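Fit chain B to the given chain A structure using the hints.
Take a look at the letters that make up each chain.
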Amino acid sequence: MLKKRLIFILLYCDGYFMLSRNFRLQRVGDLNWLISNYDFSHISFFIDELIILDVSRNEKQTKQFIDTLKTISYKCFVPIASGGGVHSISNAKILLRSGADKVIINSSLFAKSDFLVNLSKEFGNQSIIASVDVKKSSEHGYQVVKKSGSEIVNASLTEIFNNLMQSPIGELYLNSIDNDGTGDGYDFNLISLLPKNFHKPLIIAGGADNSNRLFEGFKNPSVDAVATAHLFNFIGDGLKSARNKLIESGVPLPIWDLDAIDCYKDIVNTYD
Amino acid sequence: MKRTVTVIDYGMGNIWSVKSALEYLGCAVIITDDNAVIKDSKYLVLPGVGSFRKAMVSLCNSKLDKAILDATLKNKSKILGICLGMQLMGTKSSEDGETDGLGLIPKTVEKFKESNQKIYKIPHIGFNSVKSGTNSILFKDLADQSDFYFVHSYRMLSDGNGIEATAVNGEVFLAAYEKENIFATQFHPEKSQTNGLALLKNFLC
Chain A
1 MLKKRLIFIL LYCDGYFMLS RNFRLQRVGD LNWLISNYDF SHISFFIDEL IILDVSRNEK
61 QTKQFIDTLK TISYKCFVPI ASGGGVHSIS NAKILLRSGA DKVIINSSLF AKSDFLVNLS
121 KEFGNQSIIA SVDVKKSSEH GYQVVKKSGS EIVNASLTEI FNNLMQSPIG ELYLNSIDND
181 GTGDGYDFNL ISLLPKNFHK PLIIAGGADN SNRLFEGFKN PSVDAVATAH LFNFIGDGLK
241 SARNKLIESG VPLPIWDLDA IDCYKDIVNT YD
Chain B
1001 MKRTVTVIDY GMGNIWSVKS ALEYLGCAVI ITDDNAVIKD SKYLVLPGVG SFRKAMVSLC
1061 NSKLDKAILD ATLKNKSKIL GICLGMQLMG TKSSEDGETD GLGLIPKTVE KFKESNQKIY
1121 KIPHIGFNSV KSGTNSILFK DLADQSDFYF VHSYRMLSDG NGIEATAVNG EVFLAAYEKE
1181 NIFATQFHPE KSQTNGLALL KNFLC
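Here the protein sequences come in this chain order: A and B. Numbered by this note's numbering, the letters in the first sequence go through residues 1 to 272 in order. Numbered by this note's numbering, the letters in the second sequence go through residues 1001 to 1205 in order.
Calculated from the structure, these hints are not laboratory results. Do not take every clue at face value.
Unchecked claim - List time: in silico DSS-like cross-link candidates among lysine-lysine, alpha-carbon distance up to 27 Å:
#, chain 1, residue 1, chain 2, residue 2
1, B, K1118, A, K196
2, B, K1002, A, K70
3, B, K1111, A, K93
4, A, K196, B, K1078
5, B, K1113, B, K1054
6, B, K1092, B, K1131
7, A, K265, B, K1042
8, B, K1111, B, K1054
9, A, K3, B, K1002
10, A, K112, A, K93
11, A, K70, B, K1076
12, B, K1092, B, K1111
13, A, K121, A, K147
Said to hold, decoys possible - Facing chain A, according to a computed beta carbon distance under 10 Å, are these residues of chain B, among others:
#, residue
14, C1060
15, L1084
16, A1143
Values in this document were obtained by computation on a predicted structure and should not be read as measured data. The C-beta atom is built at its ideal place from N, Cα and C for all residues, glycine as well.
Chain A with its partners taken away, still in its complex shape (with noise of 0.2 Å):
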């Protein structure tokens, strides 16, 4: 039977791990903040992905970025989703070979050329992740925003779903800018409205702040992975606690042997 996700989201910006609230970002700590607080050799086995994002306004995927990106997936051996300003086959590239098992795309998702079409000739649509962020405004209802929320898709919610449904992508991550970073818990409404028919995997994220509202996630049947990115509230056990109370509740996680990891450690101690 395929099991349920927890996703853990790491955001990037410009040499920083970053808190969001409603996208706006606060620095938390550098790369050695995040090591110290979050040793992801053995917190990964509290999660089922990891999704690191660039998010710096600026310059995006700097040497600086992918070496983050191969530090933290040196040895974490789980499933790792990286995007963040990837335009072109090249940059997918470069993520793919640091570590990433799968590109995220965001604002290449409404340019008008044939990139998703290429990007899956090249690595398969089951490697693209169709990154949508939205936002609510009292006049037109949902709004579809890209450039880290700051420009509106000119395009309705529902043509955007329908499109996407056409596209060659793999999974959807459905994240709510209202919600981020609140605590308010996931945005269902929002999800309620995906076509009857969209098959494709879903990962919901922002709102979720602790365990209750992962679980709440994982009760929405449309739903595959919950995803959450508050660095704060998952420091030290956090995350390893949230994964036994979800288990306890009945929410169908993988299982594996927790303590075993130290064992595989130079196992393979036969010389040639």
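The following block gives chain B in isolation, referenced to the frame of chain A:
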């Protein structure tokens, strides 16, 4: 010399992760597209993320296909194909038109049946439980129905040839294959936490 594993680099794998897992287990890892090195390697890993056609074109252009066949068929080197790497070892795939594979596994690669997409989405992404085959080397000491990470839209089917492990996504499909020196997993052991490390260890020991 530590046990040396050669990871075949044809420009399309998640090579960093494979290297990371093998080094954690204690191996020396060579990442190469050098035919001579590949031919002489005792342990080969064929990784892969991407489309079947592009990957085969890349393998053929650099004559890596011949090097892999020489190593595995003549020298009997052990090979582990991962995800697309497993599919490339099949006879052919219907992805992006029909393309011939390496032919190390006598099975064809086709897209998941779309009959029941409401429950079983395509691509098949996430950890899924795997039923291991009898007398499997790869799954030795692993609990039956252990979870492994999959991310794919195309699959092989079980047909009784070789030692077969299976998983279910709307239909029973081939999760892993082994026969003599030929090993393959549709899932990513390097991304499957301790279950994956255990499986890689079994391949190497």
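Task: Those earlier numbered hints the structure runs against, lowest number first - done: The structure conflicts with hints 4, 9, 11 and 14, although it agrees with all the remaining ones.
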